[in-house]
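Enquirer: Sequence:
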Amino acid sequence: MSKMKGAIVVDTDRCKGCSLCIEACPQDVIIMVQKRVNVHGYPYVETGSPDACTGCASCGIVCPDGCITVYRMKKED
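Using full-length UniProt numbering, read the sequence shown as starting at 1 and increasing by one per residue.
Since the hints were made in silico from the structure, they are not lab data.
No experiment lies behind these values; they were computed from the predicted model shown.
Cβ coordinates follow ideal geometry from the N, Cα and C atoms, glycine included.
Just so you know, not all the hints are guaranteed correct.
Straight-line alpha carbon distances no greater than 30 Å define the calculated DSBU-like cross-link-like pairs of lysine-lysine that follow [as the list claims (entries may be wrong)]:
| # | residue 1 | residue 2 |
| --- | --- | --- |
| 1 | Lys5 | Lys16 |
| 2 | Lys75 | Lys3 |
| 3 | Lys5 | Lys75 |
| 4 | Lys5 | Lys74 |
| 5 | Lys16 | Lys35 |
| 6 | Lys74 | Lys3 |
DEER-style ranges, computed between Cβ atoms [as the list claims (entries may be wrong)]:
| # | residue 1 | residue 2 | range |
| --- | --- | --- | --- |
| 7 | Pro64 | Val39 | 15 to 25 Å |
| 8 | Lys74 | Val39 | 12 to 22 Å |
| 9 | Tyr71 | Arg36 | 17 to 27 Å |
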């Protein structure tokens, strides 16, 4: 049986650091970057543990600014 492997890409220039995606992620993949800010002065999110992403797209669904793109593929055992 194959499992799903996911990956997310965050548009850091559009992210305003609302952290809704962090709360929505069931795998705790997304982290807030505190020491860096984007071009608008906001801290932004990024992938903390990319291997744990299943591609569920919860983060992309809750993002109010559409900053997250989710990719999914089947991972053969």
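Enquirer: Between the alpha carbons of Lys5 and Lys74, is the straight-line distance 30 Å or under?
Expert: Holds, because 6 Å separates the two Cα atoms, which is no more than 30 Å.
Enquirer: Just tell me: holds or violated, for the beta carbon distance of Pro64 and Val39 against 15 to 25 Å?
Expert: holds (19 Å)
Enquirer: Within 17 to 27 Å or not, the Cβ separation of Tyr71 and Arg36?
Expert: Check passed, 24 Å falls within 17 to 27 Å.
Enquirer: Is Lys16 within 30 Å of Lys35, Cα to Cα?
Expert: Distance ~14 Å between Lys16 and Lys35 Cα, so the pair holds.
Enquirer: Within 30 Å, alpha carbon to alpha carbon, are Lys75 and Lys3?
Expert: holds (5 Å)
Enquirer: Could you say whether the range 12 to 22 Å given as a hint is met by the Cβ separation of Lys74 and Val39?
Expert: violated (36 Å)
Enquirer: Starting from Lys74, check that the Cα of Lys3 is at most 30 Å away, please.
Expert: Judged against 30 Å, a Cα distance of about 6 Å means the pair holds.
Enquirer: Compare the distance between the alpha carbons of Lys5 and Lys16 with 30 Å, and conclude whether the hinted pair is satisfied.
Expert: holds (27 Å)
Enquirer: Next pair to validate is Lys5 with Lys75; report whether the Cα-Cα distance is within 30 Å.
Expert: holds (6 Å)
Checked against the numbered hints listed earlier, the structure breaks hint 8 alone; every other hint is satisfied.
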